[in-house]
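**Q** Chain order of the listed sequences is A and B. Residue numbering for the first sequence follows the working numbering, beginning at 160 and increasing consecutively. Residue numbering for the second sequence follows the working numbering, beginning at 160 and increasing consecutively.
No lab work stands behind these hints: they were computed from the structure. These figures come from a predicted structure and were not determined experimentally. Honestly, I wouldn't trust all of these hints.
It does not matter which identical chain is used: a pair holds within one copy or between any two.
In silico lysine to aspartate or glutamate, DMTMM-like type, Cα no more than 25 Å apart, as pairs [as the list claims (entries may be wrong)]: (1) Lys170 - Glu202; (2) Lys161 - Asp174; (3) Lys178 - Asp229.
2 protein chains.
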Amino acid sequence: MKAIVKVTLRKGVLDPQGKAIEQALHHLGFNGAENVRQGKFIEMTVPDGTGQDKIAEMCRQLLANPVTEDFEIELVA
Amino acid sequence: MKAIVKVTLRKGVLDPQGKAIEQALHHLGFNGAENVRQGKFIEMTVPDGTGQDKIAEMCRQLLANPVTEDFEIELVA
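Construct all of the structure, not just a fragment, from the sequences and the given hints.
**A** This is how it looks when you write it as C-alpha cells:
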C-alpha cells in the first residue's frame with residue numbers, strides 16, 4: 160500500500176519561499192495569486208496493514224520538524 | 160477560492176532526496192518503507208472563477224520544471 164505524507168509550515172510561521180513565489184507570480188502578471196504557501200510531500204510504499212500511527216512516528220522522528228511544521232497522513236490501499 | 164498545485168519528479172528521474180529519506184527511515188528501523196519520492200506542493204488563494212488553464216500557465220512559467228517535473232492542479236471552492 161501507499162502512504163502519502165503532506166508536511167506544511169504551521170500557520171503563523173513565516174514562509175519566505177512562499178512569499179518569493181508570490182512575488183514572482185505577480186511579476187509574471189498573475190496578480191490574483193495571494194497567500195502562497197509552499198510545503199512538501201513524501202510518497203512511499205509501505206507493507207500492507209501498516210497503521211497511521213507508524214507513519215506518524217516516521218513524521219515525528221524524521222519527516223517533519225515538530226516545532227514549525229504540521230503533517231497529514233493519507234493511506235491508499 | 161484555493162488552488163493547490165502538486166509538483167512531482169517524473170517517473171524515471173532520479174530522486175536523491177527521496178533515496179536519502181528512505182535510507183534514513185531504514186536506519187531508524189522503519190524497514191518497510193520503499194520507493195520513497197519527495198515532491199512539493201504550493202497552495203494559494205486565487206480570485207473566484209480562475210480556471211485550471213491559468214494555474215497550468217503558472218506551473219509552466221514558474222512553479223514546475225517542465226523537463227523533469229509533472230504537476231497536478233486542484234481547485235477548491
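**Q** Each of the hints needs a verdict: does it hold here or not?
**A** Hint-by-hint comparison with the structure:
no., hint, result
1, Lys170 - Glu202, "both (23 Å within a copy, 13 Å between copies)"
2, Lys161 - Asp174, "between (29 Å within a copy, 17 Å between copies)"
3, Lys178 - Asp229, "both (19 Å within a copy, 22 Å between copies)"
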